[in-house]
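Quick note, the sequence shown lines up with residues 21 to 349 if you use the working numbering.
Hint data in this document are derived by calculation from the structure and do not stem from the laboratory.
Beta carbons: idealized from backbone N, C-alpha and C, even for Gly.
One or more hints might be untrue.
Taking CB as the label site, the calculated pair distances span [stated by the list, open to error]:
| # | residue 1 | residue 2 | range |
| --- | --- | --- | --- |
| 1 | K304 | S144 | 43 to 53 Å |
| 2 | S91 | Q151 | 37 to 47 Å |
| 3 | K63 | L254 | 24 to 34 Å |
| 4 | L345 | V306 | 34 to 44 Å |
| 5 | N155 | K299 | 50 to 60 Å |
| 6 | R275 | S302 | 36 to 46 Å |
| 7 | D283 | N139 | 39 to 49 Å |
| 8 | N212 | R110 | 31 to 41 Å |
| 9 | D278 | K304 | 48 to 58 Å |
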Amino acid sequence: MSKVLKNAFVLKSMRSKFEVTEKMKNIQWFPGHMGRGLRDIEKNLRSIDIVLEVHDARIPFTGRNHLLQKSIENIRPMVLILNKRDLIKRQYENVIADKIKTQQTHIKDVIFTNCRDINCKGVSSILPILQDISNNMLKYHRTEVYNTTVMVVGIPNVGKSSIINKLRNTVLKKGNATPVGPKAGVTRSVMNQIKVSEKPLIYVLDTPGISLPKLEHFESGMKLAACNTLQDHLVGEVHIADYILYYLNQNQNYRYVDFFNLDEPKDDIHTVLTLAAVKKQSFKRVFDMATNSYRMFPDIDGMAKLFILHFRKGSFGFVMLDRELLDSR
Numbered sequence: 021m022s023k024v025l026k027n028a029f030v031l032k033s034m035r036s037k038f039e040v041t042e043k044m045k046n047i048q049w050f051p052g053h054m055g056r057g058l059r060d061i062e063k064n065l066r067s068i069d070i071v072l073e074v075h076d077a078r079i080p081f082t083g084r085n086h087l088l089q090k091s092i093e094n095i096r097p098m099v100l101i102l103n104k105r106d107l108i109k110r111q112y113e114n115v116i117a118d119k120i121k122t123q124q125t126h127i128k129d130v131i132f133t134n135c136r137d138i139n140c141k142g143v144s145s146i147l148p149i150l151q152d153i154s155n156n157m158l159k160y161h162r163t164e165v166y167n168t169t170v171m172v173v174g175i176p177n178v179g180k181s182s183i184i185n186k187l188r189n190t191v192l193k194k195g196n197a198t199p200v201g202p203k204a205g206v207t208r209s210v211m212n213q214i215k216v217s218e219k220p221l222i223y224v225l226d227t228p229g230i231s232l233p234k235l236e237h238f239e240s241g242m243k244l245a246a247c248n249t250l251q252d253h254l255v256g257e258v259h260i261a262d263y264i265l266y267y268l269n270q271n272q273n274y275r276y277v278d279f280f281n282l283d284e285p286k287d288d289i290h291t292v293l294t295l296a297a298v299k300k301q302s303f304k305r306v307f308d309m310a311t312n313s314y315r316m317f318p319d320i321d322g323m324a325k326l327f328i329l330h331f332r333k334g335s336f337g338f339v340m341l342d343r344e345l346l347d348s349r
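Please work from the sequences and hints to get the whole structure.
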């Protein structure tokens, strides 16, 4: 990337901190349906045997619901699935798993998965692990029980429904039992039990994605937004793109420069999106009241959506948004 090296002086002026605007401080991270969903989950905890938590591997520490963790800890065994492993470097996996199991001893196993890979060994290992726990555990809530119930929990859009469907399709050779969508918040209520194993008899219970009612740090919310665990319009596409730009620059990842055919790294999101729109000839027609006519302007919003999409797809390389938390723990 010769043009980046030629402009090394530009990199010294990059932001060292992500600044929060007044408008961003008013973002609602916890929509109303999540409160109802959390109450439903807590109500159902007494009737389940195992908790299967699904989370995003790019943020293994950020966004995991500590309120739910406290409800489960030392009461139910838990298996943690970190999905979207294809978007992180494999070198992080053992370090992440060791730290999580050291800090949360009730977690029986940490499994890394990629639901888009039909041959993913992580996905195929889930059911044997659940079966082993089921065969070696005492049922917590009733006597003469002949089945195990697994509750699947996690924040929105991390792959909970995809995991359930993978289990069901692989073992029972049946179609999808629970809806899957590209946007956060597809599952909005605790659903019926879904059979995923005959011997031993295991059912899973899908639940709505639940974010934390209150985030300790605003940047945690931006990480969640960057990973598509919140609906984009709640935060704003340009704000999300700005955080992604900040993250990429902080980690000296300048692939976006070549991707958008820019001359050098930039630290201002509006400059990046404007130049990218011009390069890609992406304009929109806007009525100018001053001249009483339509004018063509760079499509900033469209470029923000494109920037976010390619970050989430992995077009800019591997991502570990929690690297500083991983290093400090």
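query = Looking at the structure, which of the earlier hints fail to hold?
reply = 2, 6 and 9
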